[in-house]
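Colleague: Keeping their order, the protein sequence lines are chains A and B. Under our numbering, the first residue of the first sequence is numbered 1, with each subsequent residue one higher. Under our numbering, the first residue of the second sequence is numbered 1, with each subsequent residue one higher.
Fair warning: there could be bad hints in the mix.
Stated by the list, open to error - With a straight-line Cα cutoff of 27 Å, these simulated DSSO-like cross-link-like pairs (lysine-lysine) come out: (1) B:K91 - B:K138; (2) B:K219 - B:K21; (3) B:K416 - B:K378; (4) A:K111 - A:K154; (5) B:K416 - B:K262; (6) A:K137 - B:K158; (7) B:K158 - A:K154; (8) B:K416 - B:K219; (9) A:K111 - B:K378; (10) A:K154 - B:K378; (11) B:K138 - B:K117; (12) B:K262 - B:K219.
None of these hints come from the bench; they were simulated from the model.
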Amino acid sequence: MSLANKTKKTTKLSKPTSSLAPTPSPITFWASFLQTFKDIFTDSGVVLMLLIAPVIYGFFYPWPYSNEAVNHVPVGIIDNDNSTLSHTIVRYASASPQLDTQRFVNEQAAKQAMWTDDIAGYMIIPSGLEQQVLSGKAASVSVLGNGGYFILNKNVQLGFLQAVSTVSAGIEVKKNVAQGAYLGTAASNTQAVPLQIIPLYNQTEGYGAYVVPAVAILIMQQTLLMAAAMLIGTWYEQRRHATSIRGWLGRIMALSALSFIVGCFYYGWAFELHHYPRGENMLGSLLFLALFCPTVATLGCLLGLWFRQRERSLQVLIFSSLPLFFISGYPWPANQLPEVLQVIRWLVPTTPGLNMSVQMNQMGASVAQVATGFYALAGLWALYFILLLAFRWRSDDKRTRY
Amino acid sequence: MTRLTEAFVRSAAYERRFLAKNPWDLAMIVWIPLATVLLIWWIFSQTQITDLPIGVIDQDHSPMANTLTRYLEASPDITIANFYSSPAAAKDAILQRDIYALVIIPEDFSRNILSSKPAPIILQVNAQYGTHSGIIQKSVQSVAGTLSAGVEIQRFIKQGMAPSQAAIAYSPISIQRTSLFNATTNYQQFLASTVIPALLHILAMVIGATTIGRELRDKRLGRWYRFIDNKRNDLSPIENDTLNVNKVNNKQAATNIISLKKSSLSVLGFGLAGKYCWPTLAFSLWAVLALWLATLQDSIAISSLLATYIGLVLLMVLSFWLGAIFTLASFSLRAGLSATGFISAPSYAFAGVTFPYIAISEGAQHWSDVLPLTHYLKLHIAQLQMHAPIAISLPIVYSLALATMVTMLLTALLTKRALHHPERWGAR
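This is chain B alone, in the form it adopts within the complex (with noise of 0.2 Å):
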């Protein structure tokens, strides 16, 4: 049992060392990850999407348009950027993307709603930049379905109605629309909650490819494992032989060899755990502060929170060994690291977040189903946001820890898979 713990602890020195030496291998560690989470908070620090410009051209200029655009003014979602007296200045003002939208109100405006017809009022919206046409949408129509409720009531009035009967005969089903948890749209609630830990991620997943991977780029792993398996008390003699590694004798590079080959797995086990000790304890600190920004308007409780937080620290050990065994399997850090971008990159995408899980095309979504962000940010909205009983998400938070293990036992056999291949390192 000691010579386990003296792995963990031998190895924990080794790479505290390193990162000591290495400013730019602590730098992801320590201060991106933090500058990220700072980062994606802050860019969404107004939380909600206000004053998009639109422009208007006015074909009707009587006091019913004048009071339509006092009401697109009105509404925080948009501004009126400017008035366009042709229709081409307007076109040239969206591509220059001055303005996201055109409000057109036709010449016979007020003489058709005075005579009773249908007046119809044209948006004409740059539906390329979704976000905004949407905003933009939303609020022009519910523009225009205020003047039509005013204009219809006022009709019913006319004919003599009572103003509280006008209302009910405008709309005799009126609807209560709720938007259940986020109810603001609050858009830090909704990204930044969101990305922040899909960011951790593909950190985590790149610490996981290089903190092992450096071993096989440098020709290193040897050296580690017989510095953490208890037969040599420092590091000076070993750098001189790894240093010389091309002229040993053979005889020397047999029993080094040899002794790689008979490699314990429970060692490895500990001896990795040792490695990534450090940045399982970084990361346990950028989850803390990510959860905590995620729930700051909000109090959740403790239970929902400490389960959400099991999850994502599981979900970055998770993320280590992943990077870890891309990088092992093919022997290349550069290559477990290409590995690692091209799948963890475009996850955020496939998490059904932004764009939701049910109208992901199929064979996706057994990729979304695969990666293990998905899982994650599930929990996270049901937890964070929904207020969902704990148990509804204590399934994910199991498999997390179930996929944790697994990976880990797989990192340490590729590990001894490596070591016993000296001559398949340093690839680059």
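Chain A extracted, bound-state conformation (with noise of 0.2 Å):
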């Protein structure tokens, strides 16, 4: 550590007079409060973190997504049988909303294209196709969708799915109807069981209202731990961490008032501006972030007295957050995870975090419904805390051996 630590700063106070700190910390919880303030807002990388970065993501991480759903999907269409039956697959299928058909020759062809991503599957034609439905025999077409993209394919397979069952039906109808049936039943009988498919919270189905409202909380767990570890090793470097429990109280204190505000504006404001689903269960968002921003800053610190330098935080942090995500049991079932996996993950507050938010802000869950997760991160605080004073302790001990 020695040789990293030779700022200027550290130059002018590493001559220690005494054990004790060279600019001693306040120890009451309320002159810490203030003091971390005051360092808050002199230290410009703190505030980038803990403030501007959050906020800028609030705008910057919702902007890929902002056509929320996928459609017009290019495809292309192989037909094999220049009939009047293919025509009229053709002309449904360029009509869905869904794709946006382009003709091609051959497979050879339109799997060129589908290398170089230009279409993202094809259907295919056979020849005689009309005959064969004529002659009442067995007939179908071929769909190849590129299972290299998950979404693509499944708009390919639903889009294409949907046109050709719907000139199949067409056909049935006409043959039922031949037979003698009353047409109106003739249509109707085309499906026995219908499904309908009510989408809850979500109701548009959008992309960016599914992943964005739980990256958010995770966006605000990192930027708060960086910018807390990131302050907690400037002191370790200035040699003024240490301070009593009351002082830690008042350091998280600082920390997670601010970090509330970042909170209220992605649940008041950010989710708002995107139409997102939000404020179902503001109240039970509120006591969230007021259990959660304490949490993610008592970590932050003692990540701080761990890393003990400015800049290591931002070094050792950056990479986390796609696999925290991953363990969050939102984007993938937490029960198709290793099982050691599924006890470790619950050491994060976003693993109880990321879900209670989702579950209060967007689905409008009471309390009591998500009260494992206030349990799970009450008992993560505690242990946080209970980790950083023993920290304290240790690094006070080593300070006096100097």
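Dock chain to chain to rebuild the complex, using the hints, since each chain is given by itself in its own frame.
Modeller: Set out below in structure tokens:
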């Protein structure tokens, strides 16, 4: 560590006259609270991480998803039949809002276009299709989607399925009518058990509305962790990190108060701006923030004492967002994770936090319905705080040995 | 020429000494990337999503309704966690995330079927959990389809049709649906294989920023340059004069500055290459590991594998230079790291893998085009999953190579500029 710490400030400060810190930190709650506030706002690096970065992300992260739905996926059609029936199928497919069709002369050309990502799939109408249908033989078309991209593949399959089923149902109806059935019953007969799907909460099933409310909580955690650890790391370099238990609580309070405001920005403004489902249980959401922010801030202080250097928190934490998101149980079902990971994942605040926030703010669950999450966060806060005190005693010991 | 190779060797030795003494920086190059690659692979080790819990409200209680629940239970993607008697209890379970969807079988379900009327069933699904919702919708839809087909075909048979004819009459044109490439919707192939390069890219940018940034922060950039440019043989005397940097007499300082102002670009280039040779070496290894994992279940042509590997290593080196450029441009390790995080951490969301590129809003598409990760992942998916001919992806390899060279030159130029401004060193 000695090699890295020779900044101007520390060289000035590194001639300890006694075991006391050069600028003793306030030890009462309010003095420490105010001192922390002052230090945060005189340090542009901490302000950037704690306040400015999450606000910028509130606009930047939802940006790619602003179209929300995936429509007009480019696809190819190879019509080897060239009949009235095949033309009808092509017409229905090009009318589909999910697809954006173009013709290809053969499969090779379509594959070529798929390799360069010009199309996401294609349909082959075999020659003799109309002939087979008219003579009552089994007939089929092939749909080939690019399994390398899941959402595109789904759109390709669904778009073609709907187009072909509509044409197919028309034939069925015609035949039934020809066999003497009444047109009304014949038409309604095409699906004996229709499925009525009611999407709850995210009713438009937008991608941004799905992913951003959860990522917002992850962004809050990551920026607060980095800011808190940066602040404490800087203080460590200046030997100002030591304080009393009340002093630590004041620091945590100051950091969480600012982070709480960032949370309100997301709940009150960012989600509103992008028309995401929001504010279903506002009181519960605020109660959540009131517990989540101190928990994360305490972990941030703990990491700061561990890293002991201003820039280390950025260096070590930047990459962690993606893995933490995947183990949170939100984008990837938690029961699919390896069993050991299903336990370890509870050591991070986002694991309960991200789901609680979505459940209350987007879905409208009551505080009682997410009680487990509150207990988990409270438990984590206690754990981090005990570790923080343990670290404090350890580093105090070290300091007296200098 | 010996001056240049010596700059490389001396710079590499300088860096080796630093890494040996600083476990955190060594961990960033060795242990953290290794653990990350393995962790991501492990997260998706159960390659398919199965047994998502759903609930059922059966208001019909008929043999037909039982068949439906049996079909639902038989579907591998979902599992019936519970039967509910009241909508309130079911809603409570959805809000608590005990279940992610609710299938409601209305009370006139079997009567409608028997009287040849449509007998709808209702699926209420928690669409806020998009992954869960998509999979549940697909499986319940396919159960409903199977049930419909069975009912219809039975009806035709009752009307006196032969079973084989009945199937055709039910669906005159059937569809053969194929997913080319990743046919089994293997999430390890889809997510893990693409997330790993994204994370290595983030880590590489962070290392790029810190490797040069700490010299700026610790005001040792000049010491590093003098050391690699063959003026002194060991570090110790220099260590002394930098320690006393504030006290050094003006004459000495002036000569130091002059020697820095005359710094040679080619020496700097080789010196930087030496400084970054350890991370390059390490990340070349992690690239081998990443591609080995990505191609475990699949046999890939050696030329495709080689092209992807070269692409990945180029992406890593490019990331080093990008991180270095952000740091050198701002003269601050902290600012460089902030910029690195801002750009690299969300780059996977912009890369067009999970949310397709064509659906990304127009402005964001430009941003996506600027990110090197987008292009690498295009190459990665085309070569490793779509088995595309190598010629299709070669332009991406060439542009990555070009970008790497340009950014390296830029890094050298910015380092030269930084050497000219010792008064700006030490910024936090």
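Colleague: Taking the hints in turn, state whether each one holds.
Modeller: Evaluation of the provided hints:
1. About 21 Å separates the Cα atoms of K91 (chain B) and K138 (chain B), which keeps this hinted pair within 27 Å; it holds.
2. A distance of roughly 18 Å separates the Cα atoms of K219 (chain B) and K21 (chain B); the hinted pair therefore holds under the 27 Å criterion.
3. At roughly 35 Å between alpha-carbon atoms, K416 (chain B) and K378 (chain B) are farther apart than 27 Å, so this suggested pair is violated.
4. Between K111 (chain A) and K154 (chain A) the CA atoms are separated by roughly 18 Å; this keeps the pair inside 27 Å, and the hint holds.
5. Only pairs whose Cα atoms come within 27 Å are accepted, and K416 (chain B) paired with K262 (chain B) is accepted, the gap being roughly 9 Å.
6. With a CA separation close to 20 Å, the supplied pair K137 (chain A) and K158 (chain B) stays within the 27 Å bound.
7. Of the pairs offered as hints, the one joining K158 (chain B) and K154 (chain A) is violated, with about 36 Å between alpha carbons and a cut-off of 27 Å exceeded.
8. A threshold of 27 Å between alpha carbons decides the hint, and for K416 (chain B) with K219 (chain B) the separation of about 14 Å falls inside it, so the pair holds.
9. Proximity of K111 (chain A) to K378 (chain B) is assessed by CA-CA distance (about 16 Å); at most 27 Å being required, the pair is judged to hold.
10. For the hint linking K154 (chain A) to K378 (chain B), the alpha-carbon distance of about 19 Å falls within 27 Å, and the restraint holds.
11. For the hint linking K138 (chain B) to K117 (chain B), the alpha-carbon distance of about 24 Å falls within 27 Å, and the restraint holds.
12. Simply put, K262 (chain B) and K219 (chain B) have alpha-carbon atoms about 18 Å apart, close enough for the 27 Å limit, and the pair holds.
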